[in-house]
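Novice: Please put together the full structure from these sequences, using the hints given.
In order, the protein sequences belong to chains A and B.
Quick note on numbering: the numbering used here labels position 127 of the first sequence as 128, and the sequence is numbered without any gaps.
Quick note on numbering: the numbering used here labels position 46 of the second sequence as 48, and the sequence is numbered without any gaps.
No lab work stands behind these hints: they were computed from the structure.
Just so you know, these numbers come straight off a predicted model, no measurement behind them.
Note that CB positions come from ideal geometry on N, CA and C, so glycine has one too.
Check the hints yourself; a few may be wrong.
[Said to hold, decoys possible] The calculated SDA-like cross-link candidates involving lysine to any residue, where the alpha carbons are at most 20 Å apart (straight line), are:
(1) A:Lys64 - B:Ser58
(2) A:Lys64 - B:Ser55
(3) A:Lys64 - B:Gln99
(4) A:Lys64 - B:Thr88
(5) B:Lys127 - A:Phe117
(6) A:Lys64 - B:Ala60
(7) A:Lys64 - B:Tyr95
(8) A:Lys64 - B:Ala56
(9) A:Lys64 - B:Ile119
(10) A:Lys64 - B:Glu75
(11) A:Lys64 - B:Arg154
(12) A:Lys64 - B:Lys127
(13) A:Lys64 - B:Gly116
(14) B:Lys127 - A:Ser46
(15) A:Lys64 - B:Gln50
(16) A:Lys64 - B:Glu40
(17) A:Lys64 - B:Ala115
(18) A:Lys64 - B:Ala103
(19) A:Lys64 - B:Glu101
(20) A:Lys64 - B:Cys97
(21) A:Lys64 - B:Glu104
[Said to hold, decoys possible] Quick list of simulated restraints, FRET-style, between CB atoms:
(22) B:Arg138 - A:Val72: 48 to 58 Å
(23) B:Phe14 - A:Ala30: 17 to 27 Å
(24) A:Gln63 - B:Ala21: 51 to 61 Å
(25) A:Arg119 - B:Ala10: 48 to 58 Å
(26) B:Leu139 - A:Arg119: 48 to 58 Å
(27) B:Ala144 - A:Ser101: 22 to 32 Å
(28) B:Arg137 - A:Ser35: 30 to 40 Å
(29) B:Gly8 - A:Val27: 24 to 34 Å
(30) A:Ser35 - B:Leu11: 45 to 55 Å
(31) B:Gln99 - A:Ser101: 41 to 51 Å
(32) A:Arg131 - B:Glu106: 42 to 52 Å
[To be verified] Pulled a few chain B residues facing chain A out of the computed Cβ check, cut under 8 Å:
(33) Ala10
(34) Ala15
(35) Ala17
(36) Phe20
(37) Ala21
(38) Leu24
(39) Phe35
(40) Thr39
Listed here are the chains, written in short residue letters.
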Amino acid sequence: MKQKKTQRRRRERGSALLLTLLLTLVGAALLGLSVDAVSLLWVRSHAQTTANLAAASVELEQKRNPTASSVFLAGTARASAAWNGYRHGQDSVAVYLDQSGGRASILVEREADIFFLRLFRTQPVVVRARAAIAAEPAARAGV
Amino acid sequence: MSRRRGAALLEFAMALPFALILFVGIGDFSVYFWRQTEMEEIARGLHQAIFASADSYASAAGSQLETLAHSLETDVRRRTGTPDLTVQLSRHYACPQAEGAENELSAVSRPCAGERIYLRVRAEKPAAPMLTPLRRLGYPTAAFSRHVLRLR
Chain A
2 MKQKKTQRRR RERGSALLLT LLLTLVGAAL LGLSVDAVSL LWVRSHAQTT ANLAAASVEL
62 EQKRNPTASS VFLAGTARAS AAWNGYRHGQ DSVAVYLDQS GGRASILVER EADIFFLRLF
122 RTQPVVVRAR AAIAAEPAAR AGV
Chain B
3 MSRRRGAALL EFAMALPFAL ILFVGIGDFS VYFWRQTEME EIARGLHQAI FASADSYASA
63 AGSQLETLAH SLETDVRRRT GTPDLTVQLS RHYACPQAEG AENELSAVSR PCAGERIYLR
123 VRAEKPAAPM LTPLRRLGYP TAAFSRHVLR LR
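Specialist: Here is the structure:
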């Protein structure tokens, strides 16, 4: 009886430490995933504001110069996006004027930095934001 | 039995500081990310207010622009319930190139065909971590948003 008790005590020794270590690892993994998720949301939110401001700039340009070519308008959008930290062709950023489907819009893309998701995903995560060029700038800015 | 209980308590006491640091750290970074997202929302509200009277911001003299920034700040503080928010505005000019691109933003107007006027808007709110050592590890002292929007 006494021998059994001693054996059990030996088995249980260090179990709290092991359990804590395991829980800490699980906690750290969850933390890593949340950091990545929040960071992606953050980049997405910033990209959306950039797309909104670029679309507003294109609207102003269209009002001032109704005959402006789409190349000129795309350049206008890229200039606006560049001042907001999204320079087309740099740091995997792309800013397009999309006129497909009869509705013009600005598309902003950027590869987002991920940290822990790399363990599960080898491809980079591309964040996209789109803003339509239709509403008045004042109406769109709050979207 | 009591020795076993003591060992478990000791192991718990050893692990507790690490667990606490981890959880308070998670809390601190969550609060920071939340503040940054909140700043982005505030920035969109600011842009809306600026677009609504873009001409005033485009034509205001230097001191008038400061007055406009102050009244914008007061308005956004009241609307969003953020009394420690600060708003800074500065106006910039650019001349478009052949394909709509721009080389640089200038603080002074250099009249050219189709000159564009931009407003740099910076909104800031102090942020302090609960875990004091995080300050030394580069925890930001403020949550902020910084955007450039076209007025004309």
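Novice: Next step is simple, just say for each hint if it's right about the structure.
Specialist: Going down the list of hints, with the structure as the test:
Restraint check for Lys64 of chain A and Ser58 of chain B: satisfied, since their Cα atoms lie roughly 18 Å apart, inside the 20 Å limit. For the hint linking Lys64 of chain A to Ser55 of chain B, the alpha-carbon distance of about 17 Å falls within 20 Å, and the restraint holds. Taking the CA atoms of Lys64 of chain A and Gln99 of chain B, the gap is near 18 Å; set against the 20 Å cutoff, the hint holds. Distance restraint check for Lys64 of chain A and Thr88 of chain B: the Cα-Cα separation of roughly 33 Å exceeds the 20 Å cut-off, and the hinted pair is therefore not satisfied.
The straight-line distance between the Cα atoms of Lys127 of chain B and Phe117 of chain A is roughly 29 Å, outside the 20 Å bound, and the hint therefore fails. Between Lys64 of chain A and Ala60 of chain B, the direct Cα distance comes to roughly 16 Å. Compliance with the 20 Å bound is thereby established for this hinted pair. Under the criterion of a C-alpha separation no larger than 20 Å, the hint pairing Lys64 of chain A with Tyr95 of chain B is consistent with the structure, at around 18 Å. Of the supplied pair hints, the one linking Lys64 of chain A and Ala56 of chain B holds, its CA atoms being roughly 14 Å apart against a limit of 20 Å.
At roughly 15 Å between alpha-carbon atoms, Lys64 of chain A and Ile119 of chain B fall within 20 Å of each other, so this suggested pair holds. Between the alpha carbons of Lys64 of chain A and Glu75 of chain B the distance comes to roughly 30 Å, so the proposed pair goes past 20 Å and is violated. With a CA separation close to 10 Å, the supplied pair Lys64 of chain A and Arg154 of chain B stays within the 20 Å bound. Distance check on the hinted pair: Lys64 of chain A and Lys127 of chain B sit about 36 Å apart at the alpha-carbon level, beyond 20 Å; violated.
The suggested pairing of Lys64 of chain A with Gly116 of chain B holds, with an alpha-carbon distance near 12 Å, which does not exceed 20 Å. This hinted pair checks out: Lys127 of chain B and Ser46 of chain A have alpha carbons roughly 18 Å apart, not beyond 20 Å. Taken as a hint, the Lys64 of chain A and Gln50 of chain B pair is honoured in the structure, with Cα atoms around 19 Å apart against an allowance of 20 Å. Taken as a hint, the Lys64 of chain A and Glu40 of chain B pair is broken in the structure, with Cα atoms around 32 Å apart against an allowance of 20 Å.
As the CA atoms of Lys64 of chain A and Ala115 of chain B are separated by approximately 15 Å, the hinted pair is consistent with the 20 Å bound. For a cut-off of 20 Å, the pair hint linking Lys64 of chain A to Ala103 of chain B stands: about 17 Å separates their Cα positions. For the hint linking Lys64 of chain A to Glu101 of chain B, the alpha-carbon distance of about 17 Å falls within 20 Å, and the restraint holds. Between Lys64 of chain A and Cys97 of chain B the alpha-carbon distance is near 17 Å, which keeps this suggested pair within the 20 Å criterion.
This hinted pair checks out: Lys64 of chain A and Glu104 of chain B have alpha carbons roughly 19 Å apart, not beyond 20 Å. Separated by about 50 Å at the C-beta atoms, Arg138 of chain B and Val72 of chain A satisfy the suggested range of 48 to 58 Å. Checking the proposed 17 to 27 Å range against Phe14 of chain B and Ala30 of chain A shows it holds: the Cβ atoms sit about 22 Å from each other. Checked against the hint of 51 to 61 Å, the pair Gln63 of chain A and Ala21 of chain B passes, with Cβ atoms roughly 57 Å apart.
A hinted range of 48 to 58 Å is violated for the C-beta pair Arg119 of chain A and Ala10 of chain B, which are about 37 Å apart. Look at Leu139 of chain B against Arg119 of chain A: about 22 Å separates their beta carbons, and that is not inside 48 to 58 Å. Taking the beta carbon of each, Ala144 of chain B and Ser101 of chain A are about 41 Å apart, not inside 22 to 32 Å as hinted. Hint check: Arg137 of chain B to Ser35 of chain A, Cβ distance near 22 Å, so the stated range 30 to 40 Å is violated.
In this structure, Gly8 of chain B and Val27 of chain A meet the distance hint of 24 to 34 Å, their C-beta atoms being roughly 27 Å apart. Against the hinted window of 45 to 55 Å, the Cβ-Cβ separation of Ser35 of chain A and Leu11 of chain B comes to about 31 Å, which falls outside the hint. Taking the beta carbon of each, Gln99 of chain B and Ser101 of chain A are about 26 Å apart, not inside 41 to 51 Å as hinted. Distance hint for Arg131 of chain A and Glu106 of chain B: a CB-CB separation of about 28 Å, inconsistent with the stated range 42 to 52 Å.
The beta carbon of Ala10 of chain B is positioned within 8 Å of a beta carbon in chain A (closest approach about 5 Å), and the interface hint is therefore held. Given hint, Ala15 of chain B at the interface with chain A, is violated; its Cβ is 10 Å from that chain's nearest Cβ, farther than 8 Å. Below 8 Å, beta-carbon pairs count as interface contacts, and Ala17 of chain B has one with chain A at about 4 Å; its hint therefore holds. Below 8 Å, beta-carbon pairs count as interface contacts, and Phe20 of chain B has one with chain A at about 7 Å; its hint therefore holds.
Contact between Ala21 of chain B and chain A, as hinted, is supported at the beta carbon level, the nearest pair being about 7 Å apart and thus within 8 Å. Satisfaction of the interface hint for Leu24 of chain B is found here, the shortest Cβ-Cβ separation to chain A being roughly 6 Å, below the 8 Å cut-off. Residue-level restraint check for Phe35 of chain B holds (minimum Cβ-Cβ distance to chain A is 5 Å; threshold 8 Å). Look at Thr39 of chain B: its Cβ gets to within about 6 Å of chain A, closer than 8 Å, so that hint holds up.
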